[in-house]
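Asks: Protein chains in written order, with the numbering used here: chain A, 1 to 201; chain B, 202 to 402.
Incorrect hints may appear among the rest.
To be verified - Facing chain B, from chain A, some residues (calculated, C-beta under 7 Å): (1) H10; (2) V15; (3) Y20; (4) P29; (5) I33; (6) L46; (7) K59; (8) I75; (9) S78; (10) G100; (11) P158.
Stated by the list, open to error - The following label-pair restraints were derived from C-beta to C-beta distances: (12) A:P119 <-> B:E213: 51 to 59 Å; (13) B:R255 <-> A:E162: 34 to 42 Å; (14) B:K328 <-> A:I131: 20 to 28 Å; (15) B:P321 <-> A:G117: 48 to 56 Å; (16) A:A129 <-> B:N219: 47 to 55 Å; (17) A:K87 <-> B:H211: 20 to 28 Å; (18) B:S335 <-> A:N18: 36 to 44 Å; (19) B:H298 <-> A:Q105: 39 to 47 Å; (20) B:G217 <-> A:I131: 45 to 53 Å.
Stated by the list, open to error - Capping the alpha-carbon separation at 25 Å, the derived lysine to aspartate or glutamate pairs in DMTMM-like fashion look like this: (21) A:K32 <-> B:D308; (22) B:K349 <-> A:E12; (23) A:K177 <-> B:D223; (24) A:K116 <-> B:E363; (25) B:K317 <-> A:E85; (26) B:K250 <-> B:D231; (27) A:K116 <-> B:D384; (28) B:K378 <-> A:E21; (29) A:K116 <-> B:E290; (30) A:K122 <-> B:E290.
Please keep in mind that the hints were generated in silico from the structure rather than gathered at the bench.
Note that this is a predicted model, so its numbers are computed, not measured.
Heads up, the beta-carbon is just placed ideally off N, CA and C, and yes, glycines get one too.
There are 2 protein chains.
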Amino acid sequence: MTIMSNILNHNEVFVGENQYEDYKTTKFPDKKIVILTCMDTRLLELLPKAMGLRNGDAKIIKNAGAVVSHPFGSIMRSILVAIYELKAEEVFVVGHHGCGMVGLQSDSILKSARSKGVPPEKFETLKHAGIDLSSWLTGFSCVEESVKSSSHRIKNHPLMPEGIPVHGMVIHPETGKLDLVEDGYHMTRETPSSFKKEVQA
Amino acid sequence: MTIMSNILNHNEVFVGENQYEDYKTTKFPDKKIVILTCMDTRLLELLPKAMGLRNGDAKIIKNAGAVVSHPFGSIMRSILVAIYELKAEEVFVVGHHGCGMVGLQSDSILKSARSKGVPPEKFETLKHAGIDLSSWLTGFSCVEESVKSSSHRIKNHPLMPEGIPVHGMVIHPETGKLDLVEDGYHMTRETPSSFKKEVQA
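With the rest of the complex left out, here is chain A (with noise of 0.2 Å):
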């Protein structure tokens, strides 16, 4: 059996058992939010559980590192359509410690590349076609630097309109602990001081 089968044979029974009942909602973020966050393994279901979320309750953007790398990229067009066409009123950027993205040395793909088959003249046609590689595939060296970067670029982005908060957080990926390490919007007079003392931190 396939990967590709099993997920097809599970998935026919998940349908003639109506299944899907348990998760009926609509395309609207039932909390008003879009999460950003990293498309880790450990995170699949418990990011979701950590936070209480569940089926209809936030839009959820996934890359590695949980990071807007460009102003115009997808990850950027899905925060603002979130906002724009499907009601998200806040935003959370949510990486993660342990992040693959950390340290990340673009020499190490590259090599794996090569070693499987990739032919290095291809690297010499991309390099002379402008595209660098090498900064493409260099991650980040610290977590919280990187959802404050990805933060700040989301709450200044030209298209974003004003009064939307931009929450920056660290999960833990085995425990699913989350610190606040960053926040766009003033603090309100509703938050509890260990939110605070967290920001502080």
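Here the structure of chain A is known, so what remains is to put chain B in place on it, guided by the hints.
Replies: Same frame as chain A, but now just chain B:
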């Protein structure tokens, strides 16, 4: 109570009661797969359940529309990182029926942005900076075609190694039913005939 304080309060209970123990796993995907799908709220829990995925099973990448917009953007980088650094051996692109990116018009978003206070001068500035907002904020007309197009972009990327299957699927956002619309790998003898039928359909 704000949304954020609700989330952080929930999180404190989640961690305090050791609820994370149900989700222990590693950073390597147990099923050796990476999935690109959509940020839609309806897929938050439904997609993993409909595909039979538990915490730790897969790398999941998400944006509006499940699209690879640019061969050197963060989505494609995430797929390559999953393959070269995290042992993913198969790629799934899973679009969905009723996707908000079908028929998305830039005019609608820019009109919303203006009504929320983004000054029209900014659009002019961006235009003269070489940024084509109209093209950037336009969706696609057919989800099957979009899934095929992104699957091809992945399969033909200069840095993709040979022999990595790329499966294109469309999921129903209410029932979770999966249909295979594109397969970048020669069909194997183990593949049941029912899947071939879906591919041909």
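Asks: Hint by hint, note whether the structure agrees.
Replies: Each hint tested on the structure:
{"no.": "1", "hint": "H10", "verdict": "holds (4 Å)"}
{"no.": "2", "hint": "V15", "verdict": "holds (5 Å)"}
{"no.": "3", "hint": "Y20", "verdict": "holds (5 Å)"}
{"no.": "4", "hint": "P29", "verdict": "holds (5 Å)"}
{"no.": "5", "hint": "I33", "verdict": "holds (6 Å)"}
{"no.": "6", "hint": "L46", "verdict": "holds (4 Å)"}
{"no.": "7", "hint": "K59", "verdict": "holds (5 Å)"}
{"no.": "8", "hint": "I75", "verdict": "holds (6 Å)"}
{"no.": "9", "hint": "S78", "verdict": "holds (4 Å)"}
{"no.": "10", "hint": "G100", "verdict": "holds (6 Å)"}
{"no.": "11", "hint": "P158", "verdict": "holds (5 Å)"}
{"no.": "12", "hint": "A:P119 <-> B:E213: 51 to 59 Å", "verdict": "holds (53 Å)"}
{"no.": "13", "hint": "B:R255 <-> A:E162: 34 to 42 Å", "verdict": "holds (41 Å)"}
{"no.": "14", "hint": "B:K328 <-> A:I131: 20 to 28 Å", "verdict": "holds (26 Å)"}
{"no.": "15", "hint": "B:P321 <-> A:G117: 48 to 56 Å", "verdict": "holds (51 Å)"}
{"no.": "16", "hint": "A:A129 <-> B:N219: 47 to 55 Å", "verdict": "holds (52 Å)"}
{"no.": "17", "hint": "A:K87 <-> B:H211: 20 to 28 Å", "verdict": "holds (22 Å)"}
{"no.": "18", "hint": "B:S335 <-> A:N18: 36 to 44 Å", "verdict": "holds (43 Å)"}
{"no.": "19", "hint": "B:H298 <-> A:Q105: 39 to 47 Å", "verdict": "holds (40 Å)"}
{"no.": "20", "hint": "B:G217 <-> A:I131: 45 to 53 Å", "verdict": "holds (48 Å)"}
{"no.": "21", "hint": "A:K32 <-> B:D308", "verdict": "holds (23 Å)"}
{"no.": "22", "hint": "B:K349 <-> A:E12", "verdict": "holds (23 Å)"}
{"no.": "23", "hint": "A:K177 <-> B:D223", "verdict": "holds (14 Å)"}
{"no.": "24", "hint": "A:K116 <-> B:E363", "verdict": "holds (8 Å)"}
{"no.": "25", "hint": "B:K317 <-> A:E85", "verdict": "holds (12 Å)"}
{"no.": "26", "hint": "B:K250 <-> B:D231", "verdict": "holds (16 Å)"}
{"no.": "27", "hint": "A:K116 <-> B:D384", "verdict": "holds (21 Å)"}
{"no.": "28", "hint": "B:K378 <-> A:E21", "verdict": "holds (12 Å)"}
{"no.": "29", "hint": "A:K116 <-> B:E290", "verdict": "holds (12 Å)"}
{"no.": "30", "hint": "A:K122 <-> B:E290", "verdict": "holds (22 Å)"}
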